[in-house]
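S.K.: Each chain, letter by letter, is given below.
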Amino acid sequence: MTAEQFLSYFSPERFIKDLRARSKDGVLSEMSKVLAEDDDVRDPGLLLEMIRRRESLGSTGLGDGIAVPHGRSTAATQTKVVFARSKRGIDFAAMDGKPCRIFFLIVAPYEDNRHEYLPLLGKIVETASREDIRKKFMDVGSHEEFQEVVRGAIGE
Amino acid sequence: MSDRVQMLVALQDLELMIREAEDPTSKETEEALGFTMQGIEKLQMDCEQLRKKIPKPDLRLYDRIRRRYHRVVVPVVSRICTGCFQGLPTSRTRTIPTSRPLPTCESCGRILYWL
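From first to last, the protein sequence lines are chains A and B.
The working numbering puts the first residue of the first sequence at 178, with every later residue one more than the last.
The working numbering puts the first residue of the second sequence at -17, with every later residue one more than the last.
Looking at chain A on its own, in the form it has when it is part of the complex:
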């Protein structure tokens, strides 16, 4: 997956510089609402229900301050990602018990005809697993700066 292919799932509207939420459920709710403003995803209640249920399978807080809530829903017609950051950090029941500061919410359609969901999930985890990239994600102030970090990381 090239940097541009990766970035096609993100948008300035789905960039949250600093989350207002202070709890895990608040983060899921705030990010789902942003996603539901998109033309391809319209039902925040259904999305939130699906994402909460996925969390009941096991927290998507991977450790090292990263969480990647994700799932597939009939309420989505395109695969979309929301990037969000919390400077104060949020208890997300992560595997290492540490607060999460960088969040990627991925929602894909029920039918993943283009087989993009799992490769995208893998690329996000791979990119965010790098300590140098995580530090840069914590410093980005806009979607454009986020794009530059991704181009630097994936283009290398």
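Simulated from the structure, these hints should not be mistaken for lab results.
Do not take every clue at face value.
Unchecked claim - Under the rule of at most 27 Å between Cα atoms (straight-line distance), these lysine-lysine pairs were calculated in the DSSO-like manner:
(1) Lys24/B to Lys35/B
(2) Lys9/B to Lys275/A
(3) Lys210/A to Lys275/A
(4) Lys313/A to Lys210/A
(5) Lys194/A to Lys312/A
(6) Lys35/B to Lys210/A
(7) Lys194/A to Lys300/A
(8) Lys264/A to Lys312/A
(9) Lys9/B to Lys300/A
(10) Lys24/B to Lys210/A
(11) Lys24/B to Lys275/A
(12) Lys300/A to Lys210/A
(13) Lys210/A to Lys264/A
(14) Lys210/A to Lys194/A
(15) Lys312/A to Lys275/A
What the hints assert, rightly or not - According to the in silico footprint, chain A covers these stretches of chain B (three or more CB under 8 Å from chain A):
(16) -10 to -4
(17) 13 to 21
(18) 24 to 37
(19) 52 to 64
Virtual Cβ for every residue (Gly too), placed ideally from N, Cα, C.
Start from chain A and add chain B according to the hints.
M.R.: Frame of chain A, contents of chain B only:
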């Protein structure tokens, strides 16, 4: 959108999540990425509880279509059923009186869900 259709969409999403959690390939892929998928019993209980809340005629229709297609409820995008990609008549609207049967595609029979 009708709460009746919303409940069926939630059921369909939940059944998909359970299938993926039970599917060895999906489970292995997610676990290799560092995610855990261990609360499947909770999802199965949620599924049973949700089924009890759905009106019986709607659930019967859902299960009947389910025997034919694994995707029962499909979004309508630009007046097209995304199950069979046939256009819908202009008389079709998203408003569903509570006493009426659920809207289905005249071509494939799937339940329609207006985004």
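S.K.: Has the given pair, Lys210/A with Lys264/A, been kept, meaning a C-alpha gap of at most 27 Å?
M.R.: holds, 20 Å
S.K.: Measure nothing beyond the straight line between the CA atoms of Lys9/B and Lys275/A; if it is 27 Å or shorter, mark the hint as holding.
M.R.: Within the cut-off at roughly 25 Å; holds.
S.K.: Below or equal to 27 Å on CA atoms is what counts here, so check Lys24/B against Lys210/A.
M.R.: Satisfied, since the Cα-Cα distance of roughly 25 Å is no more than 27 Å.
S.K.: When you check the alpha-carbon spacing of Lys300/A and Lys210/A, does it fall within 27 Å?
M.R.: holds, 24 Å
S.K.: Is Lys35/B close enough to Lys210/A, meaning Cα to Cα at most 27 Å?
M.R.: holds, 26 Å
S.K.: Are Lys9/B and Lys300/A close enough, with their CA atoms no more than 27 Å apart?
M.R.: holds, 17 Å
S.K.: Holds or violated: Lys313/A with Lys210/A, Cα cutoff 27 Å?
M.R.: This hinted pair holds, its Cα atoms lying about 26 Å apart.
S.K.: Keeping to a limit of 27 Å between CA atoms, is the pair of Lys24/B and Lys35/B held or broken?
M.R.: Answer holds: Lys24/B to Lys35/B is near 17 Å, not above 27 Å.
S.K.: Three or more residues of the region 52 to 64 of chain B near chain A by CB distance under 8 Å?
M.R.: holds (count 6)
S.K.: Establish whether the coverage given for the region 24 to 37 of chain B by chain A is satisfied; the threshold is a Cβ-Cβ distance below 8 Å, and no fewer than three residues must meet it.
M.R.: holds (count 3)
S.K.: Given that the region 13 to 21 of chain B was listed as covered by chain A, double-check it with a C-beta distance under 8 Å for 3 or more residues.
M.R.: holds (count 7)
S.K.: Do at least three Cβ atoms from the region -10 to -4 of chain B come closer than 8 Å to Cβ atoms of chain A?
M.R.: As far as the region -10 to -4 of chain B goes, the hint holds, because 5 residues have Cβ atoms under 8 Å from chain A.
In summary, the structure agrees with every hint in the numbered list given earlier.
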